[in-house]
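Using the sequences plus the hints, can you model the full thing?
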Amino acid sequence: MGIRLILESIRRRAKSRAAAVAALAFGAGAASGLVLLLIGVGDRISEELRRLDANIEIVPKSGRLLQKDLPLLRSEINRWGNQIRFLIPELRVERAGYVLVGRDPDPRWKVEGTPGVLAGISLGLAPGATIQAGRPLTVTGVVSTGGDEDGEILLPLAVAQDLAGTPGELSRVLVSAVVTAETDEFGRFNRKEKRFTDAQIEKMMCTPFPSNVARECGNALDADARVLREIADHEGALLRRIDGVVGILAGAAILAACLSVLATMTASVVDRRKEIGLLKALGATNGAVAALFIGEALLLALPGSLVGYLIGLAAAKSMSVALFGSTVPGSAVVSLVTLATAMIITALGVAWPLRRAVALEPRTVLHEA
Amino acid sequence: MLLRMVWSSLIVSRGRTLLAVAAVLVPAALVTASANFALDAGSKMTAELRRQGPNVILEVKRGVAAMDPAELDRALRSFPALLGRGPVDRPDRVELAASGSFDQIDASVRAINMGSSSLDARTIPVLAAREGLLMGKLRRLFELMALLILASSGLAMMMALTSSVAEQRTEIGLLKALGSTQALVFRFFAAQVGLLLAAGVGLGAVVGLLLSNVMSRRVFGLSTEVRFGAVAAAAGACALMAFLASIVPVRRAFAIDPARVLKGE
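Protein sequences, first through last, are from chains A and B.
The first sequence begins at 1 in my numbering and counts up by one.
The second sequence begins at 1001 in my numbering and counts up by one.
Take the hints with a grain of salt, since some may be wrong.
[Unchecked claim] Reference excerpt, derived from the structure (chain A facing chain B, CB under 8 Å, subset only):
#1 I10
#2 A14
#3 I242
#4 S260
#5 A263
#6 T264
Simulated from the structure, these hints should not be mistaken for laboratory data.
None of these values were measured; they are calculated from a predicted model.
The C-beta atom is built at its ideal place from N, Cα and C for all residues, glycine as well.
If you want it as structure tokens, here you go:
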């Protein structure tokens, strides 16, 4: 009987019920999509920022660092081989007062002119100028980085090796690897400040902390490696803040979505005071009326929030591709939380105006309108 | 007469009035808080990025012996604000952490290069690229969230105003039955809704700023700066949304047939 009443009520007011479902779907979609998009947003932004940064430097121990050995870094000798994003082999030569560095330029450097032999901006050489560095080199462009490179000459690696007379040899390799930020616990472990159990040590060694990755990379080439910290260290604090800021705004958006659902459900009850009066006049108890209205609302909330979640997921996926270049997986937890929240908000939105509505005398309501 | 009508209508049903004000206030506060906080957070994070290292380098122009102190002074003053300056041990090079947008800094750098004979200014491309990437992504995230907050808040306001008007059907029917014109009903409503909106949006802006301050303290440990542009834009957007939201309920009120309403149909 209750079910039939509910279904009939939905059928009779199909248009306004559809509007309520749409409002629910919108609210649930906005909230769940945002949560899906923002899970781990700080890490994803930091990953994006680091993608172009080298974070490990490998220098020869005593022997020579050879270009032909570089594939070893990505082979199974190096347990962190899969963490490596890119390598920049480099050879540094000093000739006739110039520091010549053979390497590929960073895509973020500002280059004026054409690639080839790039003069650091502080040297004051214009494209077309010729320098004597063992043999004449024609400057093809000017590079500005804000770092040491501003006072150096950058040229293709092979040319530098040729100039130095050491084919295949490198003076250092810059590595960009995907790493996990070092924990305080790992710091204590590294400084040997306290005793750790074997299991803990095992865990420390099997996490791609920068110093672990650097050590293994160095071992693979039988060379010394160190972690380049500068940029990454500063960034940690900032990225934590990003998580905070984004989290707060997302909270506001979710709250707004809840409000819209709440207001929609409230409006749907206010319109129907007469029905409530009629039900009560026919002998329905307050509890029965409440069960009827809340049941109907929940019946709407179910499809509304599910459709909303699917819309939110699709939106989060496309936004994520646009922003970070990778998609996000769906999450069973988020879908369940969305469903539960939608149910609770809907029930609250109905229950609250209902309390006032059932308190009225049926006679008054039916008479007044 | 109109004012008295509006006033007594608002006072008589105090509960409903308060509810309607709250229905406008809460979304307006959310919108204001988010707008102010997002803008403030953006500039706070930019400042933090800038403090990590210099973003502008001033050097002695090639072929010139030393920097002209007057020119250096003028160059330093051409930036909107400086957060840091170094290194102290090099007379030929000054590294600056300048705050301001890319365009502002670029304009300052160009002006220095054009206007001075002993100085060369340039920005640091790697830092600029990092910052551009980071802030670009954050801006798009903020915009997305602002859009969602605005849309949800608009929906909430519309629904709240709809139920507020629905409860006044008898009053409107009575007004019409007593011979008031459509224009009078319209003015009555416009004044009533206008008052509600003004109160809701105004209070919302205040509450929103307080909220923004709390958020800023939590995340940055610093109190928020009031961004009047953001507050004005948020209040404007809320007012516009509330206006749009009130169209449907007011049109409904217009359509009320006094005879039917008063008879209780």
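For each hint, the structure was consulted:
1. A distance limit of 8 Å between C-beta atoms decides the matter here; for I10(A) the minimum to chain B is near 19 Å, and the interface restraint is violated.
2. Taken as an interface hint, A14(A) does not check out: its beta carbon lies about 18 Å from the nearest beta carbon of chain B, beyond 8 Å.
3. For I242(A), the interface hint holds, since its Cβ comes within 8 Å of a Cβ in chain B; the closest pair sits about 7 Å apart.
4. Of the supplied interface hints, the one on S260(A) holds, with its beta-carbon coming within about 4 Å of a beta-carbon of chain B, less than 8 Å.
5. Because the smallest distance between the Cβ of A263(A) and any Cβ of chain B comes to about 4 Å, under 8 Å, the interface hint for this residue holds.
6. Interface restraint check: T264(A) against chain B, minimum CB-CB distance 5 Å, threshold 8 Å, status holds.
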